[in-house]
Amino acid sequence: MTVSFTCNEIAEAIGADLVGDGTTLITSIASIDTAGDGSITFVSSPKYVDALKSTNASAVLVTPALVDDTAATRLVMDNPYLGYARLTHLWVSHPSMQRAPTIHGTASIADSAIVADSVQIGANAVIDADAVIGAAAVIGAGAYIGCGTVIGDGTSVHPNATIMHGCKVGSACEIHSAAVIGADGFGFAPGEQGWEKIQQLGAVVIGDRVSIGACTTIDRGALENTVISDGVILDNHIQVAHNVHIGDNTAIAGCTGIAGSTVIGANCKIGGAVSIVGHISICDDVLITANSFVNRSVTKPGSYSSGFPLEPSDQWRKNAVRLHKLDELSRKVGRQVGKLKS
Amino acid sequence: MTVSFTCNEIAEAIGADLVGDGTTLITSIASIDTAGDGSITFVSSPKYVDALKSTNASAVLVTPALVDDTAATRLVMDNPYLGYARLTHLWVSHPSMQRAPTIHGTASIADSAIVADSVQIGANAVIDADAVIGAAAVIGAGAYIGCGTVIGDGTSVHPNATIMHGCKVGSACEIHSAAVIGADGFGFAPGEQGWEKIQQLGAVVIGDRVSIGACTTIDRGALENTVISDGVILDNHIQVAHNVHIGDNTAIAGCTGIAGSTVIGANCKIGGAVSIVGHISICDDVLITANSFVNRSVTKPGSYSSGFPLEPSDQWRKNAVRLHKLDELSRKVGRQVGKLKS
Amino acid sequence: MTVSFTCNEIAEAIGADLVGDGTTLITSIASIDTAGDGSITFVSSPKYVDALKSTNASAVLVTPALVDDTAATRLVMDNPYLGYARLTHLWVSHPSMQRAPTIHGTASIADSAIVADSVQIGANAVIDADAVIGAAAVIGAGAYIGCGTVIGDGTSVHPNATIMHGCKVGSACEIHSAAVIGADGFGFAPGEQGWEKIQQLGAVVIGDRVSIGACTTIDRGALENTVISDGVILDNHIQVAHNVHIGDNTAIAGCTGIAGSTVIGANCKIGGAVSIVGHISICDDVLITANSFVNRSVTKPGSYSSGFPLEPSDQWRKNAVRLHKLDELSRKVGRQVGKLKS
Chain Y
433 MTVSFTCNEI AEAIGADLVG DGTTLITSIA SIDTAGDGSI TFVSSPKYVD
483 ALKSTNASAV LVTPALVDDT AATRLVMDNP YLGYARLTHL WVSHPSMQRA
533 PTIHGTASIA DSAIVADSVQ IGANAVIDAD AVIGAAAVIG AGAYIGCGTV
583 IGDGTSVHPN ATIMHGCKVG SACEIHSAAV IGADGFGFAP GEQGWEKIQQ
633 LGAVVIGDRV SIGACTTIDR GALENTVISD GVILDNHIQV AHNVHIGDNT
683 AIAGCTGIAG STVIGANCKI GGAVSIVGHI SICDDVLITA NSFVNRSVTK
733 PGSYSSGFPL EPSDQWRKNA VRLHKLDELS RKVGRQVGKL KS
Chain B
433 MTVSFTCNEI AEAIGADLVG DGTTLITSIA SIDTAGDGSI TFVSSPKYVD
483 ALKSTNASAV LVTPALVDDT AATRLVMDNP YLGYARLTHL WVSHPSMQRA
533 PTIHGTASIA DSAIVADSVQ IGANAVIDAD AVIGAAAVIG AGAYIGCGTV
583 IGDGTSVHPN ATIMHGCKVG SACEIHSAAV IGADGFGFAP GEQGWEKIQQ
633 LGAVVIGDRV SIGACTTIDR GALENTVISD GVILDNHIQV AHNVHIGDNT
683 AIAGCTGIAG STVIGANCKI GGAVSIVGHI SICDDVLITA NSFVNRSVTK
733 PGSYSSGFPL EPSDQWRKNA VRLHKLDELS RKVGRQVGKL KS
Chain D
433 MTVSFTCNEI AEAIGADLVG DGTTLITSIA SIDTAGDGSI TFVSSPKYVD
483 ALKSTNASAV LVTPALVDDT AATRLVMDNP YLGYARLTHL WVSHPSMQRA
533 PTIHGTASIA DSAIVADSVQ IGANAVIDAD AVIGAAAVIG AGAYIGCGTV
583 IGDGTSVHPN ATIMHGCKVG SACEIHSAAV IGADGFGFAP GEQGWEKIQQ
633 LGAVVIGDRV SIGACTTIDR GALENTVISD GVILDNHIQV AHNVHIGDNT
683 AIAGCTGIAG STVIGANCKI GGAVSIVGHI SICDDVLITA NSFVNRSVTK
733 PGSYSSGFPL EPSDQWRKNA VRLHKLDELS RKVGRQVGKL KS
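Protein chains in written order, with my numbering: chain Y, 433 to 774; chain B, 433 to 774; chain D, 433 to 774.
Simulated from the structure, these hints should not be mistaken for laboratory data. Treat the hints with care, since some could be wrong.
Note that identical chains are pooled: a pair holds if it fits in a single copy or bridges any two copies.
Unchecked claim - The calculated lysine-lysine pairs, modelled on BS3-like cross-linking and capped at a C-alpha distance of 25 Å, are:
| hint | residue 1 | residue 2 |
| --- | --- | --- |
| 1 | K764 | K485 |
| 2 | K771 | K732 |
| 3 | K732 | K701 |
| 4 | K750 | K701 |
| 5 | K732 | K750 |
| 6 | K732 | K757 |
| 7 | K771 | K750 |
| 8 | K764 | K750 |
| 9 | K485 | K771 |
| 10 | K757 | K771 |
| 11 | K485 | K750 |
| 12 | K771 | K479 |
| 13 | K701 | K773 |
Here chain Y stands alone, though its shape is the one from the complex (with noise of 0.2 Å):
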C-alpha cells in the first residue's frame, strides 16, 4: 500500500497555491537534505535557502518570498510550516491508512455504557459501567474507560491508558498510550496511626482538542476538579497534581510536574523537566526554559529561567562547593566594598 497524491490534491487539501506541474505525483513527505524523487519538502526559513536550491525533491512548500529559488513544484504559503502539518494529515487520512470502525469481539462493554456509531475500540478494552463514547471516538486495545466517564466525539485513547471514573475528555482529543486521567490526588491527613487517606471525591475535566502524552497523569481533584482547557497540548511523562488548571492552548514539554491547586494561564509554553511547585499561579503568555525550578507565582507574561548548566565534572565539583558559600562571599565583598569605600 504505497501513499500518493499528485501536487493539485495537495494544494488543494491544505490550502496552498501551486506553481509548476500539477501533476507532480508525490509519494512521500521528507526533510530538504533527504527528499529525493517523489518527495515532498517545506522551507520555512530564509536560512534554508541554500538547502532548497540544492533539494532533490520533487515539489516544496516554500513562502511566497522563496517561490523563485527552487526548479520543484512548488505550493506557496505564508506558513510553510502549518501547511507540512496538514499535509500530514493527508497522509494518514488515506485510504490505506485507515482502520474501519469496528468492536473487537474481546472488548468489554458494560451493558450500561453508551457506545455512539462508528466507534473504533479495541481488542481487550474496557468500557465500565455509565461510560459514554462519542461518535467515531477510538479506545485503543486494553485502554480502560471507568464507570460514568463522558469521551468526546473524535477522541483517541491509545492502547493501555486509562480514564478513570467520572471524568469527562472533549471532543477530538487524543490520549497516548499509559497515560492515566483521573487517579486519586496525592492528599492524606496525618493521624495518631499515621497518613489517613484523603478519598479524592472531584475528577478531571479535559477540554477539546487536547493531547496527552504516554505515560502522563493527571489526578483527580480533592473536591472540586482538575481542568485542563480546550487546545492543552501535553507531552509524555507529565504530572499533573490534583485539583491544577491549565489553560487554553498552553504547551508543556516532557517530563514536567505540577503539584497540587496551582494554576496556569492560556498560551503559556513550558519546557521540559521543570518542576512547579503547588498553590501558585503563573499568568498567561508566559515561557518557561526548560530544567526550571518554578519556587513562586509568575504575574507578569515572559522568559523565566533556573537551573545550573552542564560543564566538565572537575569544574563543577569545584563551584558547588563554593555555591554552598555564596551568602557568605557576597557578605564579605559588601565588607570589602565598604572598606573602600572608607
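With chain Y's structure known, arrange chains B and D on it following the hints.
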C-alpha cells in the same frame, strides 16, 4: 443516586461533637468558599475565621476554639482536617458508590492462583500462576498480578497496574494505574561484547497501608528485596530503584527518583522532583524540599534543600555564566581580603 | 522448587576455574555479608578481602589474586562481577523457573499477524494486524503489539507494555511493563485556532540486545525514525523524544529526559534525572553525572556535571537569593580588583 447524611450520622461516623441541628441534611463536601446549602466544610486554621463567619455551608467541622464563629451546624473536633479525611471515606462508603464483589467473566485467573472470598476482579485482569489474592481485595480491569505474588486483604490494585512475579503487597494498600511493581532492577555488568544483564533475583516487599501512585515504578532487588515499609505514601511518577528501603510512614511527592540501594528512614517528607543518588542513607525525620538534588547521605533530622530558583531568562543567562566561574571568583575575593588586611 | 547447582556445574557454565570441592552444592546467590551455608558470593575488589576471609559462603567467585584468602570453594576468573552476572542467568534458566512456550487462550492475535514457533504469549495480550513475532519471543499479559510492528527473536515484552504500529524491535531485547514505544512525537504547528498536530510519520527502530525500563517512553519520529542502537540499556521512566538517536551500548539511568532530534553517541553513561535539551549532539564516551542539565552539545569525551547540591534549607534560602545577584557580585569584584590594582 445522591449521597446524603444527617449531621448526627456524620458526627458519629467521624467522632465529632455536635453543636446545632443534628438533622441537617448534607449532600456534599465543599471548600469554605464554594460551600452552599447542603454542603459541609471544614476550618483547620484561625486564619479562615472570616471565611467561616460568612460561609453558606450548612455544616462546618471546627476546632473547639472556633465553635462560636458560625451559625451553621458544627461538628467539633481537635483536628478538623483529619475529620475531613474521614468524611471523604464516609462519602465513598455510601451504598450508591459501592460495587458488589464480583469476578468479571473476562478476567483470566490461573488454576493455581488462590483467590479469597469477596474480592472484586475487573474485566481482562490477569492473575497468574500461584498468585494469592486476599479477602476483599480489588484488582482493577487490565491489571496484572504475576506468578506467586501475594496481594493482602483489602488492597486495591487499580486498572492497568502491573505487579510482577514473587512480590508481596501488604493489606489495605492502594496501587494506582500504570504503576509497575517488581520490574527488573537496572543491573548490568560490562562484558567484552557490551552490557551483560544481571538477572534480578530479589523481589519487592510492601508493608500494610501503603499507597503507590500512578506510573510509579518500584524495581525488584538484585539479590535481596526492595522494601517499602508500613504506611509509606508515594505519589505519581516516582522511581524506586532496586534494593532501596523506605521506612515507615515516609511520604514522597511526585516525580522523585531514588537510585539503587539507598536507604530512607521513617517519617521523612520528600518533595516532588527530588533526585536522590544511590548507595546513601537518609535518617528518620528528614524533610527535603521540592526539586532538591540529594547527592550525599543525610545523618541529622531537619530540613534540606537545593536548586536554582526561577528568574527572568535574561538575568539567568548572565548569572549562569558567572556560576561557571564561581570558584575563580571566590579565590579572587580571598586574595583581595588578603591584600586589604596586609 | 529449589534451584541448586554443584560448583562443578557453575564453573563450567560461567567459564571459571575451580579451586576446592567441586561437589559443593549451591542453592542461592548472596552478597558477601549475608551469604551462608549453600550460598555463593563474589568479590570483585581487594577492599572486600576482610569480608572474604570471614564470609560464611560455601563458594566464592574471586580473582586469581584473592584465591588464597578464603577456605570456601573458589571459582576463579578475571572478572568476578561478570561471573556474577552469568551466574544469575544460570539461576533463571533452571527448569523450575521456566515456562513452556504457549499462547494463552485469551490473547488476541490478528489473522494477518505472523507468529513464529515457540513463542510465549500471555493472557489478554494483543497482537494487531500484520505484526511479526520472532522465534522464542515472550509477549507478556496485556501487552500490545501494533499493526505491522516486528519483534525480533528471543525478545521479551513484559506485561502491559505498549509498542505502537510500524516499529521494529531487534532480537534479544527486553521491554519492561508500561513502557511505550512509538507513541507520537510531540509535534504541533501554531495555527490561527491554536496548535495543529503534525502527524508523526516515522517510527521507532530498536537494535539488538536493547533493554528498556518500566514506564520508559520512546516516541516515533516525525518523518524519519527514532533510533536506539544495539546494546543500549535504558532504565525506568526515561523519555526519548522523536528523532533522537542513541549510539551502541550507551547506558542511561532512570528519570532522564532527552528532547527531540538530539543525537547521543556510543558508549556514553548518563546518570539519573538528567535533562537533555533538543537538537544537540553528545559525542561517544561521554559520562554525565546524575541530575545534570545538558543545555549544549558535548564534543569531547569526558565527565560532565551540573546541579546545586543539597544543603540545610536555611543555608539554601540565603545562597539562593545571592544566586540571583551573582552577575552583579562578579562585576563588583571586578571593579574592586581594578581599584586595588590602581
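Now the hints, each set against the structure:
1. K764 to K485: neither (60 Å within a copy, 52 Å between copies)
2. K771 to K732: neither (39 Å within a copy, 39 Å between copies)
3. K732 to K701: Cα proximity of K732 and K701: one copy only (14 Å, versus 32 Å across).
4. K750 to K701: between (34 Å within a copy, 22 Å between copies)
5. K732 to K750: between (36 Å within a copy, 20 Å between copies)
6. K732 to K757: The answer is between: 20 Å across copies meets 25 Å, while 31 Å in one copy does not.
7. K771 to K750: between (28 Å within a copy, 23 Å between copies)
8. K764 to K750: Answer is both: 19 Å inside a copy and 14 Å across each meet the 25 Å cutoff.
9. K485 to K771: neither (65 Å within a copy, 57 Å between copies)
10. K757 to K771: both (21 Å within a copy, 21 Å between copies)
11. K485 to K750: For K485 and K750, the Cα distance exceeds 25 Å both inside one copy (50 Å) and across copies (39 Å).
12. K771 to K479: neither (54 Å within a copy, 47 Å between copies)
13. K701 to K773: neither (46 Å within a copy, 47 Å between copies)
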